[in-house]
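Visitor: Here the protein sequences line up with chains A and B, keeping their order.
When we follow the working numbering, the leftmost residue of the first sequence carries the number 1, and every step to the right adds one.
When we follow the working numbering, the leftmost residue of the second sequence carries the number 1, and every step to the right adds one.
Treat the hints loosely; a few may be bogus.
[What the hints assert, rightly or not] Straight line, CA to CA, 30 Å or less: simulated DSS-like cross-link-like pairs of lysine-lysine: (1) B:100 x A:55; (2) A:119 x B:72; (3) B:100 x A:61; (4) A:72 x B:64; (5) A:64 x B:64; (6) B:149 x A:55; (7) B:55 x A:100; (8) A:61 x B:80; (9) B:72 x A:91; (10) B:64 x A:91; (11) B:149 x A:119; (12) A:55 x B:64; (13) A:100 x B:80; (14) B:72 x A:100; (15) B:149 x A:64; (16) A:61 x B:149.
No lab work stands behind these hints, which were simulated from the structure alone.
Being a predicted model, the structure only gives us computed values, none of them experimental.
Each chain, written out:
Protein chains: 2
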Amino acid sequence: MINYPNGKKAKKVVPEEKISTRKNFNAANRGMALENDLNLSNEYYRDANLAIITKRPTPIKVVKVDYTNGPKIIEAFFEKQSTTDYNGVYKGRYIDFEAKSVAGKTRFPLANITSYQFKHLEEVIAHGGIAFFIIEFRGHDEVYLLDAKILLDAYYEKKKSLTYEEIKEKGFLVPRLLSPRLDYLPIVNTLYFTE
Amino acid sequence: MINYPNGKKAKKVVPEEKISTRKNFNAANRGMALENDLNLSNEYYRDANLAIITKRPTPIKVVKVDYTNGPKIIEAFFEKQSTTDYNGVYKGRYIDFEAKSVAGKTRFPLANITSYQFKHLEEVIAHGGIAFFIIEFRGHDEVYLLDAKILLDAYYEKKKSLTYEEIKEKGFLVPRLLSPRLDYLPIVNTLYFTE
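One chain only, chain A, in its complex shape (with noise of 0.2 Å):
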């Protein structure tokens, strides 16, 4: 899930009302404008017969069904992503990635992926597997593709962020097409399939 959302969040966007619909749910979450863009390029790269990636749902703790008429929840949680957004499969290798998208053009806080996410990104890799991120700066208007080994090697490094700099020299821009919207499937073309 790409900015997870929560209660702060929310509530500035429905401060009077406190029962939000789908609607407002979704118009809090700025991180959905670039979970939308990537869900549509992997329509687009499924259709064009190159790749086979899809987004795990986010993972929702079930507490209470009501089966008056059918199966509704009544209560239930978020709960947060143990692994990652997307994964799947392109030339028959498996891919795993991240998405995240921060407001500021400074600087990707590290503290937006998750202890978890950085272990399974770990694992993806040690047993072969190809693993980055894609980090939208909203302030700059820029998506950029970064191999998750950057990532980890700030992360063990005990770094704080990263700085725009530091990913735009070490990331790969991805360009905003009309369709595909984020074209990153050349980027990993070139990156992991050119030895």
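With chain A fixed as given, assemble chain B onto it according to the hints.
Guide: Same frame as chain A, but now just chain B:
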């Protein structure tokens, strides 16, 4: 989601009190035992550094969220998984499978698998991924691994089901161990990695 919950089944289990807790919800779902065994087996494989295979969360359509005390979902609905339950990486390659549990002893009805899931697994194969089914016959207390192509062929031949004997013949019995509970990875290794 194994044996996706539906109104009818659930009503049998919770006839008087129409509102069920998580506990009843699980108990209503006989296939959950298979899911649980697979999740534990995948944890074992992860800890043993053999493979990273995760379960996709059940997709849930969130309609209303109450933000009074942090986000609490108060109206939501189960959605059908448009892909499969499990995917991951083994020796660099992409693995994707669907797990199903049937109560009967004689046949596996293809209606257990959606056309989206057949399409998804077909695409996975086309992109060089490994695709199979894990099928439990509870009446026999047996679990089989069946290459996806076998069920895909039956699907395109418009068969209504595969018999227990066909699955016994064309599939591979998954050993039930103490740990991992369902040791399917050696079968994957033999079937897809010895060329």
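Visitor: Now, for every hint given, state plainly whether the structure supports it.
Guide: Hints and how they fare:
A hinted pair counts as satisfied when its Cα atoms are at most 30 Å apart, and residue 100 of chain B with residue 55 of chain A qualifies at roughly 22 Å. Among the hinted pairs, residue 119 of chain A with residue 72 of chain B is consistent with the structure: their alpha-carbon atoms are about 28 Å apart, no more than 30 Å. With a C-alpha separation of about 22 Å, the suggested pairing of residue 100 of chain B with residue 61 of chain A holds against the 30 Å cut-off. Distance hint between residue 72 of chain A and residue 64 of chain B is fulfilled; the C-alpha atoms sit about 12 Å from each other, no more than 30 Å.
A hinted pair counts as satisfied when its Cα atoms are at most 30 Å apart, and residue 64 of chain A with residue 64 of chain B qualifies at roughly 14 Å. A distance of roughly 24 Å separates the Cα atoms of residue 149 of chain B and residue 55 of chain A; the hinted pair therefore holds under the 30 Å criterion. The hinted pair formed by residue 55 of chain B and residue 100 of chain A meets the criterion: a straight-line CA distance of about 22 Å does not exceed 30 Å. Restraint check for residue 61 of chain A and residue 80 of chain B: satisfied, since their Cα atoms lie roughly 17 Å apart, inside the 30 Å limit.
Between residue 72 of chain B and residue 91 of chain A the CA atoms are separated by roughly 41 Å; this puts the pair beyond 30 Å, and the hint is violated. A threshold of 30 Å between alpha carbons decides the hint, and for residue 64 of chain B with residue 91 of chain A the separation of about 40 Å lies outside it, so the pair is violated. Using a Cα cut-off of 30 Å, the hinted pair residue 149 of chain B and residue 119 of chain A is violated, with the two alpha carbons roughly 34 Å apart. Pair hint residue 55 of chain A plus residue 64 of chain B holds up; C-alpha atoms about 22 Å apart against a cutoff of 30 Å.
For a cut-off of 30 Å, the pair hint linking residue 100 of chain A to residue 80 of chain B stands: about 26 Å separates their Cα positions. Restraint check: the Cα-Cα separation between residue 72 of chain B and residue 100 of chain A comes to about 23 Å, which is no more than 30 Å; the hinted pair holds. Between residue 149 of chain B and residue 64 of chain A, the direct Cα distance comes to roughly 39 Å. Violation of the 30 Å bound is thereby established for this hinted pair. A C-alpha spacing of about 34 Å is found between residue 61 of chain A and residue 149 of chain B, which places the hinted pair above 30 Å, so the restraint is violated.
The structure is inconsistent with the numbered hints 9, 10, 11, 15, 16, although it conforms to all the rest.
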